Amino acid sequence: MDVRITVNGRVRELGCEPGDTLLELLRREGFASVRFGSGTGETGAAAVLLDGRLVCADVLLAAQADGHEVTTVESLDAATGELHPIQEAFVEVGALQSGYSAGAMVLAAKALAERDPDPGEAEIRDALSGILDRETGYVKVVEAVRRAAALLRGEKPGPVQPVLVEPLAGRGLAGPGPDAAGDHAAPSALPRVVASPEVTPTAVVGQPERKVDALRLVKGHPAFTDDVRPRGMLYAKVLRSPHAHARIVAIDDAEARALPGVHAVLHHLNTTRVKYASGGQSWPNPYPWDQVSFDDKVRHVGDRVAAVAAETVELAEEACRRIKVTYQVLPAVLDEIEALAPGAPVIHDEPDSVGIHDAARNISSHIEGRTVTDMEAALAGADHVFEQTFHTHQVQHCAIEPHVTIGWLDPDDRLVLRTSTQVPFHIRRMVAPLVGLPVRRIRVIKPRIGGGFGGKQEMLIEDIVGLLVLATRRPVRLELSRDEEFASSRTRHRQTITFRTGVSRDGKLLAQDMKVVANTGAYGVHGFTVQSVTGLRGLSSYNCPAKRYQCDVVYTNRLVAGAMRGYGAPQGVFALESHLDDIARALRIDPVELRRRNWVGLGDSFDIAPRLGERGGVEDVAVQDLPRITSCGTEECAAQALRAIGWHRRGDESFRRPADRPGIRRGIGFALCVMGSGIPFVDMGAAFIKMNDDGSFNLMIGGTDLGTGADTVVAQIAAEVLGVGVDDIIVYAADTDLTPFDVGAYASGTTYITGMAAKQAAEAARARIAQRAARMLSLDESAPIELRDRCAWAADGRSVPLADLALHVLHEQDQEQIMGTASYLARESPSPFAAQVAEVEVDVETGQVTVVKVVTAVDCGVPINPLTASGQVEGGVLMALGYALCEELVLDGEGRPVNGRLGPYWIYRADDAPDTEVFLIQTMEPSGPFGAKAVGEIPTVGVAPAVRNAILDATGVAISTIPFTPERVWRALREEGGPA
Amino acid sequence: MSRVSEYLRPATLSEALACLDRPGAVVIGGGTKVNAARPAGPVVVVDLQALPTGAVERDGADGLLIGATVTLQRLADDARVPAAIREAARREQPSTLRAMATVGGCVATADPSSELLAALLVHGGTVRLAGRDGEHDRSLAALLADRSPLAGRIITAVAVETGGVTAAARTARTPADRPIVAAVARRRPDGQRRLALTGVAAAPVLVTAERDAAGDLDPPGDFRGSSEYRRAIAAVLTRRVLGEIG
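Chains as they are written, first to last, in the numbering used here: chain H, 1 to 980; chain F, 1001 to 1246.
Heads up, some of the hints might be wrong.
Said to hold, decoys possible - Computed list of lysine to any residue pairs in SDA-like fashion (alpha-carbon distance at most 25 Å, straight line): (1) F:K1033 x H:E479; (2) H:K275 x H:R440; (3) F:K1033 x H:R440; (4) H:K297 x H:R440.
Hint data in this document are derived by calculation from the structure and do not stem from the laboratory.
Predicted, not measured: the structure shown is a model, and the values here were computed from it.
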C-alpha cells in the first residue's frame, strides 16, 4: 500500500506493507535517529512526534500515520556542525551517555516545551516517562530539559560547573553540617566535588568537557551497528528451544530450506563442533569450555537450536517455524542448591567439554582462597560468631540497544563483523575457530554502542552471523528481539551466600568465612571470574586477620549468567554490608562506627586478592607482595554522604514515624563499597596518536566506549599532555584492522588502562614535538619545551603554534609524521571507594518500600571529567535500585520466563527515580593517569545493602533476600510480628 | 507473509461495522496493545482514528460523554474530566503511549491492573456500544465481567458521572510501576459510596463499599503478588480510601 506522510515538513509518498510499523518505514527511509528498543513501545527509543505529540513508532503502523505529520530529530539538523538549543542543552549538561535514545529524548523535550515553556520537575519527569534510559539515571536528562526550556525562552543560563564542597573528614562523622542546606540548593545534576590539595592544576583534565561523540549522538546520526545497510543484506533469525533441558533427536529442515528467499539453515547436523567459552576474556579463556555454536542438546528455554538467513525478517521467522525438531525432553533443575543434590539431572553430560570442575555434580567451577589455614580456630577465638545466609536473584542488563551484528565479506573475501560489543578484539580471536578462519581474515568493527553493562562482554551472536555470511556469501544481520534478550542473552548470577564472622567484644573483625553457591545457568561463561570477584569484594573492605572464601559455581537449566556491571561484587557486598549492619545491631554499635573500626585505609593491604582471580589462587604470598592501598578517601566519602542524607535523623522519632502518616516508618541505611580499576597483569590497552597538518591529532584506541564517556576521558588525557583542547583530539575506536589492541571495556578499567596508554602515547608524540619545536626556535633539541594553549613554548618565552609546527614537519623540512604509540599493562588495580546511603519510607501495612533519596560519595581519584563521572554514578545508582527493589527475571516451573518484557520486568523510569546526589571525593592515585581511578561499576554495588539497612532501621526487620518487593517486605514484617 | 493483510480506516460507524465482518478483523484505537502483541495473523486492522468519536462532551448536568477514540493524554489534560480519572489516565501509560492509547482501547483490553478502569468504574462508567442492531449501553462493571457483548460491536463512548469526592491508593514495586493492587473510592454527591479495585480479579471490579471488600475476593496471584497478599492489601487500601472520602 502507499502512504502519504509529511516527514520533517516534506510530503512523502511511500510504499509499505500494511503491517509495517512506522519505525520500520522510517529506518528504511534513512531516519537513523528512530531506533529499535523493544517493538512493544516499552523503551521509547523509537519515539517520534506525530502531529506534534510524542508517540512510539514501534507500535504505530505506518498506515496509521497516513495523512499525518511526523517529526524526527533529523528535523532539527539545520546546519552542519550546529546544534538546536535543545540539543545544545543536552550536550552542555552531559545528559547523553550512549545516546541511543537521544533523538527520542530531544523530541520529548521539544513537545514539552511547546506545551509548557517553563515546565516543573514533575512535568519534565512525566514527559520523559516513556523513554527508558538504562544509563543516565535521568538526573542530567531532567536538567537538560530544564535548561533547554530556558534557552528556548531566550534566557542565558550560566555554564555547567561542578559545585565545590569543603572537606568534612575529621569534623565529626554523623552530625549535621554547618550549612546543611547550603550546597543542596544546586541542581542534583551538578556533581559536588571535594577537591584535594594533592592534585596539581590541569587545563583539560578535571573539566566538564563536552563528550567527543556528542554531536553525532544528539543529532541522531547513523552511528550505531544497525545504522548501516549493506546491499543485498539478509536477515537472520534463531530458532530457540522451548524446553529447559532436552536432547535434539532429529532435525528436519527440508521445508524451511524449500521456502523461496531462504538462503541458509544451520544447526548441529551441518556445522562443525568446536568447543568454546563465550565470555569475552583474555586468552586462554577461563574454563570451562562447554559451548558449541549449535549443539545436539539444549540446556535452557531460549537456547540455540538452529539459525536461518533469509530475504526478510518475516521470512526468516517463518523458516524457523518450519524447521521440525524432535526433542527428547529431560528433567530440568532451576535452583542452584537443588542442582547440587544427588540425583539431580546432569546438565553437561557431553564428553568433549573442557575444564568442567565436576560435571556429574553440575559444578562448573570451584573456587577457594584463604589467608589462614585454620578458619575454625580463628572463629573459635572470637567473642561473638555471627552466621547468616543471603539470597540474590537473577536480573538482566536491559541495554536499550539489543545485541546486534551485521556481517559481510569485504573485497578480499575477509569476514567483517560490525557488532555491538564491549570486546572487539576478543570477538575477533574467539570467533575465528568457530567460523574456521584465521584471525587475519576477520575484521571486527565496533561502532557506537547503545549500552552494554557486561551483557556485551560476550560473544553472544557473532559466530552465528559469521557462519551465515560464509554459508550465503551475502551480508547478514542478526538483531535480537527484546523477547530474545530476555530468553537468550546473559544475566547476573543468582547466589546463595553464607557469612560466618568472628567479632571481638569491641567490634573488631577477627574471622570472615564466606561460602557461596552460585547459579551460572546452562553454561559456565564468566562463572569462575565473576564468583572470584564475589569473594574478593566480600572479603576486601575490612581488615581481618583470618579470611576464607569457598564457592561452587553450579549449572542449572536457567538462562545463562555472565558479566554484569559490578561483576559479582553486588552480590557479595549485599551480603557483607547487610551482615555487618546486623552485627552492629546485635553489638549495639553504630553501624558506621563498626565499619570504621575495621575498614581498610591508606597503606592497608588486600590480602585475599592474590589468592583469588583469573589466573588462579596463590596460597603463599609474601606480605611485601600484597597489593596495597595507595589512595583512599573513605573517611571523606562517609562524612559527606552522612551529612547529605541527614544521618543524624536516625534517632529522631518525629522523622522515623511521621505523625500524619500512621502506616509509614522512615529509615536511613549505609553501605561501604570498595572496587578495583581493571585486572592487574591481565588487562592491557594500547593507543596510537598522530599529528595532523593543523596541529590536531588522531587518537586510535581499541577501548570501547559503551556510553560511559570513555572516548571523551581518554581524549582529555591526551589533550592535557599535548597542550591542546579536546576538540583537537579526534578519537577513533575500535576497529581490529585500524586500532591497536585493547582487552575492551570491562572491570572498570578503561580510564585507568586505556587512559594510561593514551597518556603515554601522547607523551611520546609530545617528546618529538618538543624536539622539533626546539629546532624551529634554533635551540638545542634537548632544550625544555612546554606544550600549552596549542603552542610549544621555550623557556625564554618564545613559542611555535602547533599548527605551524605540523605544517613544517609534514611538508617543509626533514619531513616526518609525528606520532606516538604505547601499550599499558595494569600492574595494580587501585581501588575506588564509595559510601552509599539511602533514605526509605516503608509502608508497614503493605510492605511497599519507597526510596526517597540516595547519596553516593565516591573516591574515584581525580575525576577526569566530573560530568561523565557523576553521570556514571547516577546511572549506576538507578540500575542498582532496580536490582534492590523491583527487577527479577522470574521463571515458571518449566524454566520459561514469566516476565520477559520490560513492562512486567520493570526498570526505573524518569518518574520513578528518587532524588540522587553525587559527591566526587578527589584523591591523588599515584598509579593512575593524572591521579584517576575507576568509577563505572562502584555505584551499582552498595545501593541494595543501603536500602536493606534503611528498611532495617525503619522497621527493625532484617531482610536477607533481594529484591525487596512489597510482598517480601510484608511477609518479613509479619514474621517479625510487625515493625519495631 | 505479512501478519497484517490489510489496513482499513473507516470514516463512519456503519463503515466500521461493515469492516468487522471481514475475517480476521481486529479493531485498534491507538494500536499500542495490538501492534505490540504482533498477532501471528493474518489480520485485517480496522483503525478507528477517523471515526467522529474523539470528543469529550457534557452529558446532562452532572455527566460527561467521553468518546471512545479520545486519547489518554487528552483525557488527562481536560479540566472538565473528574480529577481521579485524569490522574488515572496519566498513570495508565507513559508519555510516549498516552497520546496513542484511547479510552475505548482501554475498555476493550480490560487490563486487570488498570487504574483508569477503576476510576471510570467509581464514576459510574457506562459503555456505549454500536452494532448492527443499534446502540446499546452497558455498565462498565458488567462489560468487564463479561466481554461477549463486544463481539461484532464497536465502543463509541464511555459515559461517566462527575462530582463527588474521590480517593485513590495503590501498592507497587516503584512509584510509577503498575499497581499490584489499587483502590479507588468515590462518595457521590448523594452520599452513596463506590469502590473499585484492581489486581484482585481478571479485570478491575466494582465492589460494594459497605461490606468488607476483601472478604469475597479470590485474586489470581502472580510473581508480583500472591493471592493471599493481594487480598490483604486490598483490605488495607480499601480502608484507606474509604477513610479518606468519609
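Results of checking the hints against the structure:
Restraint check for F:K1033 and H:E479: the C-alpha separation of about 23 Å stays at or below 25 Å, so the hint holds. As the CA atoms of H:K275 and H:R440 are separated by approximately 21 Å, the hinted pair is consistent with the 25 Å bound. Taking the CA atoms of F:K1033 and H:R440, the gap is near 48 Å; set against the 25 Å cutoff, the hint is violated. Using a Cα cut-off of 25 Å, the hinted pair H:K297 and H:R440 is violated, with the two alpha carbons roughly 32 Å apart.
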